[in-house]
Structure formats: structure tokens, C-alpha cells
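Chains A and B, in that order, are what the protein sequence lines are. Heads up: the first sequence at position 176 corresponds to 176 in this note's numbering, and the numbers run straight through without jumps. Heads up: the second sequence at position 306 corresponds to 306 in this note's numbering, and the numbers run straight through without jumps.
Simulated from the structure, these hints should not be mistaken for lab results. Nothing false has been slipped in among the hints.
Some chain B residues judged to face chain A by a derived CB distance under 7 angstroms, without partners named: (1) Asn77; (2) Phe78; (3) Asp79; (4) Met81.
Backbone N, C-alpha and C define an ideal beta-carbon position, used for all residues, glycine too.
Chain by chain, the residues:
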Amino acid sequence: MYKLIRKISFIVFLTMTVLSTISKAETISLVADEWPPFNGVPNSENEGFIVDVARTVFEKNGMRVTYETISWKRAVEMVREGHRNGLIGASRTDAPDFVFPSEEFSRNYIAFYVRADSQWRYRDQSDIEAVSLGVIAGYDYRQWLLDYIKINQDNLDKVQIITGQNPLQRNLMKLIDGRIDAIVDNEAVIINVARKMGLTNQITLAGYGTEPSDIYIAFSPKHPKSKDYAEILSQGIKKLRSSGELEKILTKYGINDWK
Amino acid sequence: MITMKSFREQYHTKGNKGPSLAKNMTMIIVLSVVLISGASLSAFFFTTSRNYQNHNEQKKAQYVAFLTSSLQLPLWNFDSMAVKKIGQTMMEVQRISFLSIKDGKGKQIFLEGTPGMYLNSSQIHDISFRGRVVGTFELYLSDDGFFRQQKQWIITGLLNTLMVIIGIILAVAFCVNRFLQKPLSDFSVQIRAIAEGNYDFNRATDVYSELKGVFDNIQKMSVKIENRQNELIKSNKKLEEEIDEHRKTEQLLRESEQKYRSMNDNIPVGFFRINVDGTIIEYNRFLLNLLNIPADKDIRQYNGEDFYMNPVDRQEMIRKTIQGKEINGFECQIKKGDGQLAWVSISARAVEDKIGNILYIDGAFEDITEKKAREEKLLQFAKVIEQADEEVLITSPKGIIQYVNPSFELNTGYSSVEVIGGTPAVLKSGLHERSYYKALWGTILKNNTWKGVLKNKKKDGSIILHDTTITPITDSKNNISAFVSIRRDITQQKDIENQLYQSQKMQAIGTLAGGIAHDFNNILSGIFGYSQMVQINIKNPEKALDCLSNIVDASRRATDLVQQILTFSRQTEYKKLPLCVYLEINEALKLIRSSIPVNIKIQNKLNSRSLISADPTKIHQVVMNLCTNAYHAMEKSGGTLTVSLEDVNLSEAKWIKNKKMTPGKYLAMTIKDTGCGMDAETLKKAFEPYFTTKKVGHGTGLGLSIVQAVVDEHEGFLDVTSAIGAGTEFSLYFPIVERQSRKIKPYNEQKPNLNGSETIMLVDDEKAIRESCKDFLERHGYKVMVFSDGLDAIETFKADPKRFDLVVTDMTMPEKSGSDLIAVIRSLNKTVPVIICSGFSNLMDETIAHKIGANRYMMKPLQTIDLLTEIGTLLEKNR
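Using the sequences provided together with the hints, build the complete structure.
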């Protein structure tokens, strides 16, 4: 009898704990511009592997994750002011004041793409002088390229900066239409967007940048729990990697683990 | 020419039926207004439409330029969101009704609005960037607003036109009625009036120029008819007026006769008409009055010769009239009916017929008895003036001499011929201030009499004192017609008075001499005693100095005493000036104190500092006389002498009436003693000259009479109360004069330097003075050369006139006096400063010193510090 009472009591306690946890579940709000396959269209089948990993980790810790896309510059400012918790796809150069987890999501190299019939190739930094390069405002393209953009921001023959919604998609349209000579971004992202636009055959790789840049979910410097979230996320990624769950998610998006 | 008959026929033939003038005018004007309004509105719409189109084109060009520039970059960057935002923003502009934007490939990015009803021409605009067409847009502007505005204008224009038409109809109806129908109706009435005999056509309603020609002829017609009728009326009226005029003339003639008869009887002249033998033919009623004959009597009953005092006068009058045909102002005495005598003036004229025979004599008697009496009186007055001892001078209101009597000629030495036509200024001596004459003129020009003493100059240059009264003479309108100046020569009288004053002062000093000598003895005793103490203490400088200081003090007291005696005994010219009596009494009391015994206390109650117009010497003498009297009254018993001075306001009518003083502020000086007093009998005689209660040799008996005279001279009055054993109180009242404000000059006087190095000539016959002054001046750095008489000094100065920087000289010296020395000095050197010193104040004063050429006068005994100060001051100017 005593054992029965103990079992019932344990079940009641467990149920109440679970219910209270659910009712009090914290919401982690994540934001970015569309950058597939890292982060895609919200609430779609493929929201992007960073969103998938974040959801898996935080939901395992009893938290709820929301995700929305806005222009990159606005996304950075909203997280910086504490209106959202995390910024997807940020490098340390993008937002040095943000709170970063120890585990990155991807090791990113910039890739230059040109029209399929273009003869231009990227071998070193001086090569970009010969083309009109399409870039997106607020993106981290390594320091040398950012400096180059800053110097030539008013020279449309060298650099054309784009803002607003679907910047990469619009840059690809400009490339195909001959308004710019080359675009620069993460190769996976370019391939992903080009595939969706049916332009894969009309572009070709012109070269990679040699400097790696790690991609993170960076948390708001104004939110008091940002450090906790960063720690939870780092521990979660490690566990997913060791359990093989991470590989499954990456495979879904045709990407290999970077470590 | 239209005759009356044809006019009547025409008028009736044409009748009064026809089209309405008002209707025709209204229709024409309304049609004109409609046409003008239509044309104006058309022009207005044409102009506004053109302006609107121009404005629309400009606006559209602005919008196209804006869209072209703002859409370039978004289309280049395939930024559909930005393109849509720009499109939506543009559509918020009210005038834009349609906007379509497509990208470079023709893809529609933005489309909004519908083309309006009144679309203006539009076209597709390319948007190029970096040499490529990146898109196109199509833009339409709406004209709806403009057309709405136009509709409102049309409605307003039509309404206004309608209002104007209504206004015109009303105005035409009014004008036709007021300016056409009414005048015509009035004319109709007036023409009917002419027919009925009323011809006032030309005073009818005003005729407008358009109708003037028609009605002028009607007017002429009415005037002619009226004139004919008026001529008839006039001739009737003239006859009536002539009859009236004749009646009036008769009436006037009757009245005129009555008037002249009355005038003839009432005029104060006796008219007569006599035959050449003297028989009276006619006379007026006044002649009866003149001769005191009852009115009911006939003058012709009397014998004409009986009326004449001297019957020969009558015969003479007739004879002269016949001889000369006319006489005027024949004066003779007549006997009246009641026996009274009267003077008459007869004027008569002989009336002749055509051949020169005298028909009768017309004449007039005028009673001149009063005139004769006045002439007699004037003659007597003239003799009085001519024979008077007083000088009489008559001037015009402007001061031009018109008459002087023989006394004037005798006293002044000027003949009447010399002065008549000139002014009294010929007598000016220069001894009066200008203000004196100003006050004189101020008084007489205000129609008041001026009285005073004038110091005039005779023809021979000598001074004559005139006790003068100048009286303005006024005419019937109270305007000044002349000034009469009556003058009495008081030169000799004044000399005697002055001598009397002076001798009385000397007598007063004499009575005080015992007391003064006593005071001097006391001072000399002190000086003597302290001098001996100095000799004893010659080796004790401290004590010796103390004694010397006492000697200096005593000497100063002695100097003051001498100064007071000299002040009292001074013989100066009588001169009134604003005087502070307080200071004068203080000076007098110093002398009194020194001269009366100590058993008489002096109580000083001098509370006023007011000024009076007075001669200082005379006031000083008054105080001395009264104080001396008080002293004598208390000489045996001792007592208190109280001298008080205060301001009183004599405005109480009773007091002023009794004392015959004018109201105002007075300075009351009271000298009261507690001595033996006087009984009523003595008091009555106290002011009589030479009356005295003192022993022979103790008084002249002139003291109080001089006091009375001085008070009178100063326009004051005196009051005395006394009783046996109760003392005597003299109260003297003098009119206060206002203190004139004086501008205070900034004080910048610098103390002169008492030391110097100049060379001084010092001349004095007294060795002690010479040596003490030399020593003192040399101690202060001066080089001093001393002389014991004027003769040596003159010789030395002549030898080198530039040698001395300053001269100090005594006045009275043997051989040559100080004035002789100064005369020589001034002939050689006009700038060297000279100080003259004297112990006799009646020989020298500041004025005399300046006259003889000295720069300063110093009274002896000399105070060395004063001498140094004067020397320093004079030399400072030359340094």
C-alpha cells in the first residue's frame, strides 16, 4: 500500500512538473534574412539546418523557438536592441558586441560566382578590381573585402551594394542580366538560391576566398539570459554531433559536417 | 417759326399714345449686358484654361523628373518593394490619377488609379540607368478639380448677370419716372398754370438739357405775358407811392420845424436878432434864461442897454459888427434881470440885402463866467509856481522836460532854454546807482508818487541835494500825461545835519570816555605788568614766552577797542544798503561793554539776522545813543541793559492803523533798561531837540531827536514805554528787505606763501614799527629797506624804480605823506604793489586808498601775520 501511494505520488509530481514546464516554456526568438541552406523560408519544410539544429537543441531544453526573416541590417539591429533573442548566420565580425556560443554552425569560405560565359576568375584579392561586384549591405565578407567595398561604395563599376528583401536572389538576377559581373557569398547559399531560381546552368564558380569565417547564432547583448542560451546551444551541438543527430540534419540539406 | 396755333395743332395731332420709353430702354440695356457678360465670361474661361494647362504641364514635368530619378536605382537593383513604395507615395498626390511602372523587361511592378474623364495627353517615360533602360512608367494627371472650379465660376457669373439685369430694370424704371415722367408732368401743370394766369414758369422744376429747347420758348411766352401784366400793376403802384411820399414829406417838414425850434430854445446859447439901432427883433428861450428873465416876459419890454454892465459895450458890439460885418468872441460883462453879473462872449453877423444894405444883425450870447473864473485861477497858480522857492520841473511821460520854474534856473544854473526839450539826466551826478533811478521810474510809471533825495549836479559841477517829490499827472482816461517834479534844495540842511550827527557822536564818546579810559588803563596795566615779568624772567624762556603771549592778547584787545571807537566816530557819506543789524549791534555793544561800569549787566537777545535798508553809521549811532541813555539811567543804581532783535509781522489792522505803518515784516530792535524811568511829562518832551534831564556838560539833548530822525529816514517807527522806577523800553521798527540770493563762487582761494625773497620798501616815521616789521619780514626771507620819511623814500625810488618789488608806507608822516610817495611811485612804476597803513580811519579807507593808487589799505596797529598775508597775496600775482 505504501509503495502504491509512493508510485501515485511520483506520477502526480512528474505530471505536474511536466505541465508546469510546458506552461512556462521560454520562447527563443530567432531572426535573419533568408540564407538557405543555413536558414530558409520560415515555417516551410526546409527552414534551414541552423534553424533545425537550434529547434532540436532548445526544445530538448524545454524551450520554444520562433523564426522569422527580415532584411539583414534590420535583423542585426533588432537583436542588438533586445527585441529578438538570436541572430542566425552571424559571424564575429558582423556583431562583435553580441554573445556568441563556443560551438559554431559552419566554417564559411566566401565564393565568387560569375555568369557561365564569363572568363573572369578569382585568384587573389587584386582580381576583383576588374569586375563590378554585387554585394549585400551589412554582410560580413572578411575584412579586406569590406574595406574594398567601403572605399568603392559610390563607384558602381566596382561595387554595387544591395539592401532589402531577397538580396541574393536579386543579385543573381542582376548577374544574369549583366548589370553586375560577379557576386560573392557562401557557395552553398548561392547554389541553393540558384537552384530554386533555375539558374544553376547560367552561373559558374570563379573562385574562393582563403580566409575562413565561423557562422553562429549570436545572442542579444541586452538580454540577461543570452549567456545561458549560448551555453545551452554549445552543449546541445556537441551532444547532437556525438549522437549522430547532427549528421542526419546536415544530410537533409546536402551538407557535410565542417569538423 | 412755330406759332402758338400750330404748336397747339401739332401737340393734339401727335397725341400721347406710342411705345413705352421705359420698356425700350430696359430691353436695349439688358441685351447689352447679356452680350457683354457672355463675352467677358468666354474671355475669362479661355484665359483661365490656358493658365491651368501651362501650370499642369509644369507640374507634370516636375513629377516625371522626380519619378525618373527616384526609380532608377530600385529598378536597377530589382527592388520591387522600393518601386512599389515610391509608386504609392506618388499616388498620394491629389492631382495624379494614374501611375503604371514596369521593369526593363516589361513586367508590371506597380499599377494604380484609373484614367480620369478629362485626361490630358500622356506618354510612356523610359527610366535609364548606366546606359540601359531599366524600366518605364506612365503618368496621368486629373483635370477634375479644374473643371469643378469652372462650373462654380459659370454659375456665379450667370447669377451675377441676372442680378445686374434686375438692377438695370429697376434703375431704368426709376430714372424714367423720376427724370422724365415727373418733369413732364410738372411742366404740364405749370403750362396749365400759365393759362390760368400764374406766370412763375421760370421758377419751376429744373429743366434737363434735352428738354431745354422745347421749354425755353414756353418760358419766353410766359415771361412776356407776365411782363405786360406787371407793367400795369407797377404804374398803379407808382401812383399810390407818390401820394404816400407827399404825405410823408409834409410830416417830416412839420417834425423838422418842431426839432429846430426846440433845439434853438434849448441850446445853451442865447440867440438874438436886432436892428442896427439895437432894437430886439427875435430871440430864443435860452436868452431869457441867460438874462434871468421869467419865461412869460417879453424881452422886448426891456431896454437893451440895461443888460450891459457898461452900456458902451453894447454900442461897441453893434459898431464893430456893422463895421466888420462880423464879430467873434466879443467879451463883456452883463447885468442879469436879478442884478447878478456875468461874463458873456458875443458873436454876431450883419445880414445884408442884395444891394448891401444891412437888414438886421443876428448874434449869440455865450455865458463864459465859469471859464473866466478858471482862467483867473490858472493865472494865480502859474504865479505861485513861478514865484515858488521850490524848484518845479514838468516832463512829458517820456521824461522830456517841458517846463522849469525860475527857482530851478536859479538853483541849478541851467536856464529854461537850455533844459526844455532835454531830459532831467542833465542833472545826473553819477552818485546814485542805476538801480536807484530804475526804482524811481518803476514807481512813477505805476502812477505812484515818488519821494526821495536826489544828489544832482549843477551846471557848475557842484553837487546839490534835492528833496524831491515826483507826481504823475493823469488825464481823464487815467493815462499819464506828464510828471511834475517838485524839488527842495536841502544841501545846506544836510551839511548842518551831518555836523550835528557828528558832534552828537563826539559828545556821546565824551560821556563814555571815562569808561573807555578805565578799560584802556586795565589793558595797559596788564601789558605793563607782563612786560616787567618778562624782564624778570628773561632767562626763563618758557615763562617769558607765556608773559609775551599775554601781552599780545592785551594788545589785541586794545586794538579792538580803538577800532570800535573809530567805527563809531567815522564820518562817512550817508548811504543806504542792505544791512544786517545784528552785526552792527554786536559792534556797538563791544564799545558799550568797554565803557559802562560792571554793575550794569548787558543782556543780549539778538534773535534775528534779517536785513534792512539802512545806513550802517546811523544805525550804529542809534544803538549807541539809546544804550548810553540806558547807562545814564542806571549809572547810580546799576541794573540790566537788554538789547533784543527779532522779526515781527505787523499785519494787525489796529496796530498798523494807529501807527500809520504799512503792513509787512519788520525788524524790531528793543533797548530796555531797569533804570529810573521817565514820567509822562518828560516822555512827551524826550524827543524834542536840546531837551535833556542831564547836568550841564553831560548831554546835548540831541540824542533821542537824532534817534527819531534816523528812524524816520529809514521809514521805520519808534515806540517808547517808561514809568518812574520801572525803567524805559525803546522799540524801533524797520521794514525788512528780502535777502537776495547770491551765487556762491567756488572756493579756490589759495593761502599765500608767507615766505619770500623779494625786496620791500618799508616807510614809517615810527621807529618801533619800522624795526619790528623789518625784523619780522626778514625772518620770512624778504629783503627790507626802511625809511623814516617819505622824502628819502621818494629819492631812493626815483634812483631805481625797478629795485623794489613791493612798498609798505604809512600815511601820515612829516615832510612827505604816504599819498605823496604813492603819487611819485605811480608816475614811475604802475605795477609795483603798494600797501598804505594808517591809524586814522577818517582819513583813509579802502576806497580812498584805491583812488590815490594803493593796492591795499591796512589799519594800524598792524598785525604782523595780516601784513605778511597781504604781502604774500600781492606778490603772488606778480610772481
